[in-house]
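First to last, the protein sequences are chains A and B. For the first sequence, the positions run 1 to 305 when our numbering is used. For the second sequence, the positions run 1 to 298 when our numbering is used.
Quick caveat, the hints were computed from the structure, so don't treat them as lab data. Take these hints with a grain of salt, some might be off.
In silico lysine to aspartate or glutamate, EDC-like type, Cα no more than 16 Å apart, as pairs [said to hold, decoys possible]:
1) A:K270 / A:D60
2) B:K185 / A:E14
3) B:K150 / A:D49
4) A:K128 / B:D260
5) A:K55 / A:D68
6) A:K251 / A:D164
7) B:K241 / B:D156
8) B:K192 / A:D49
9) A:K270 / A:D49
10) A:K270 / A:D68
11) B:K91 / B:E240
12) A:K74 / A:E200
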Amino acid sequence: MVKTRRARSLTKRESRNFWLYTSPWIIGFVAFTAFPFLSSFILSFMQWDVLSPPKFVGIDNYVQLSQDKTYFWKDLNNTLYYALIGVPLTIILGLAVSVLLSKPIRGINFYRIVFYLPAVFGGVAVLKLWTYLLSPGTGDGMNPGLINAMLGWFGIQGPGWSQDPHWAKPAVLLVGLWGVGGSMMIWLPALASVPKDLLEAGEIDGANRFQRFWRITVPLITPAIFFQLTMGIIGSFQIFMEPVIMPGSSKTWTDSLMVVLFDNAFRFYKMGYASAIAWVIFIMIMLVTLVNLYFSRRWVYYESK
Amino acid sequence: MSRNNAVATEKGTPVRRQSTRLMRNIRLVLRYAVLTMGAVLFLLPLIWTISGSLKPPGEIFTVPIRWIPSDFQWDTYVRLFSVFPFWIYVKNTLIIVAFALIGQLASSVLVAYGFARFRHRLNGPLFILVLSTMMIPGQVTMIPQYLIYKELSWIDTYLPLIVPNYFAAAINIFLLRQFMLTIPKELDESAKIDGANSFGILVRIIMPMCLPILVTIGIWTINSNWNDFMGPLIYLSTPEKYTLQMGIYNLNAGRQGLTDYGLMFAASLVTLLPSLLLFAFGQKYFMSGIKIGGALKG
Numbered sequence: 001m002v003k004t005r006r007a008r009s010l011t012k013r014e015s016r017n018f019w020l021y022t023s024p025w026i027i028g029f030v031a032f033t034a035f036p037f038l039s040s041f042i043l044s045f046m047q048w049d050v051l052s053p054p055k056f057v058g059i060d061n062y063v064q065l066s067q068d069k070t071y072f073w074k075d076l077n078n079t080l081y082y083a084l085i086g087v088p089l090t091i092i093l094g095l096a097v098s099v100l101l102s103k104p105i106r107g108i109n110f111y112r113i114v115f116y117l118p119a120v121f122g123g124v125a126v127l128k129l130w131t132y133l134l135s136p137g138t139g140d141g142m143n144p145g146l147i148n149a150m151l152g153w154f155g156i157q158g159p160g161w162s163q164d165p166h167w168a169k170p171a172v173l174l175v176g177l178w179g180v181g182g183s184m185m186i187w188l189p190a191l192a193s194v195p196k197d198l199l200e201a202g203e204i205d206g207a208n209r210f211q212r213f214w215r216i217t218v219p220l221i222t223p224a225i226f227f228q229l230t231m232g233i234i235g236s237f238q239i240f241m242e243p244v245i246m247p248g249s250s251k252t253w254t255d256s257l258m259v260v261l262f263d264n265a266f267r268f269y270k271m272g273y274a275s276a277i278a279w280v281i282f283i284m285i286m287l288v289t290l291v292n293l294y295f296s297r298r299w300v301y302y303e304s305k
Numbered sequence: 001m002s003r004n005n006a007v008a009t010e011k012g013t014p015v016r017r018q019s020t021r022l023m024r025n026i027r028l029v030l031r032y033a034v035l036t037m038g039a040v041l042f043l044l045p046l047i048w049t050i051s052g053s054l055k056p057p058g059e060i061f062t063v064p065i066r067w068i069p070s071d072f073q074w075d076t077y078v079r080l081f082s083v084f085p086f087w088i089y090v091k092n093t094l095i096i097v098a099f100a101l102i103g104q105l106a107s108s109v110l111v112a113y114g115f116a117r118f119r120h121r122l123n124g125p126l127f128i129l130v131l132s133t134m135m136i137p138g139q140v141t142m143i144p145q146y147l148i149y150k151e152l153s154w155i156d157t158y159l160p161l162i163v164p165n166y167f168a169a170a171i172n173i174f175l176l177r178q179f180m181l182t183i184p185k186e187l188d189e190s191a192k193i194d195g196a197n198s199f200g201i202l203v204r205i206i207m208p209m210c211l212p213i214l215v216t217i218g219i220w221t222i223n224s225n226w227n228d229f230m231g232p233l234i235y236l237s238t239p240e241k242y243t244l245q246m247g248i249y250n251l252n253a254g255r256q257g258l259t260d261y262g263l264m265f266a267a268s269l270v271t272l273l274p275s276l277l278l279f280a281f282g283q284k285y286f287m288s289g290i291k292i293g294g295a296l297k298g
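Produce the entire structure from the sequences given, and follow the hints as far as they go.
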């Protein structure tokens, strides 16, 4: 009897502690995630300039969005460009660099640090620097930045990069590729987890390096590829600083969905309209992730299963 | 290495072993060549900028590139502190970073401890909720959050940039909890017998053992708050309250049409310096973070 009472008071204390310690997250979740999440959904059916009271307008915001060719469709198009071209490029280059860095040869830590280094830099400074690195230097006596000067070594006349509507988006991707070494955090452990004896067995069976990589390593690291693909796509939907800073704030060639959202919310104070954009972004991310998850069953291989 | 040699001797004649060793050496040299080329390519932008910040104006964009300035302009860095309110921006940014760091570390540790150590039938479901919030992109909650802060009259103060850090980020809870689960519970028990309460156990036993993860989280928090651009852009309107990122963004040094590139480069480099120092300091933790990355996959 005494024992059960003590046991009960112990579980009571344990449960009290559980709530006590997790309470910061629970309060934050309710105040800064759950409540805003629901209210932005409701807001997306309203018209609200913050000053006058909100007005219910049904699906008007969404209808208006679907007709906005100058901003929404163009920026959606740009966002898809970053996702469909940028993400695969990042994955391929990141994996290639990591394969190079995976062998524990002498001095490898030095190389790992050098390739990782650009990934630690962020913020406005990096984007401004890259804008100068990518200075076009076409005619007008204007001299090029480093990239076009280097292309000049090989006799290539470099493009206008962020000052040219056709090259501005590749310029945005290029900055991202500079930081690709950061992804070795994911790739190196994945590569290390591929069993050595499997690769040796492949060698004995006469498979060459490329075949061994493609047939043995790649299937075994599909969970990491899947993770990078999903996170990469989510990230590419949230690109904001690059489009605003690189071509200069007066130009809209590189604008992403995040930029339309920001402009409508914090420059024009169209809170309802901006919330509708937020929900379009959210639904697209969800759809892409679910589609990704669905197809992943066909190509992602988990050892534990 | 020795194991490979053993395999080679087992398999065949010494002649064959020699040729495979030659092949291996050629491959190794090739690997170093590619690595070195790549490393140079990754570092060149940085070197170009450093050299650019020290060049006289006429030399910055010359072709062929002058890597070593003809005349070192050290005073660019001196001018940097006089041309724009550099120290005010630094001070503002440091205030935000410091308070964000304290909040993020303290709250993440507490919450992770709650999930790692105390049984409750809602523990599992709530933890899944923590993980699923990582899937909600920030833009969905951004506008209502702004409206809440507006309601609280927090606009144009640092509070919207600091306070959310006191409610523990999901990714940090996840990492810390995973790590805490690997710490044997017997350690807690013996401390309990010695008279420590749950908070004492957390501070004296668990936290010291979590140090590598705490340092990693700390570096992430400092870096992301130091580099934050959208937050200050949304919430700050008085120029005296701007952060360094806002300062750099609005920096248009030089007179009409004549951009002072040297100053721009210097300003950018100084802004990147803390990230570099943090990286140098946390390098061994980052590289052990490669192992943490392993826990994230699949």
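Hint check:
no., hint, in the structure
1, A:K270 / A:D60, "13 Å, holds"
2, B:K185 / A:E14, "14 Å, holds"
3, B:K150 / A:D49, "13 Å, holds"
4, A:K128 / B:D260, "13 Å, holds"
5, A:K55 / A:D68, "21 Å, violated"
6, A:K251 / A:D164, "10 Å, holds"
7, B:K241 / B:D156, "8 Å, holds"
8, B:K192 / A:D49, "57 Å, violated"
9, A:K270 / A:D49, "5 Å, holds"
10, A:K270 / A:D68, "15 Å, holds"
11, B:K91 / B:E240, "11 Å, holds"
12, A:K74 / A:E200, "51 Å, violated"
The earlier numbered hints that this structure contradicts are 5, 8 and 12.
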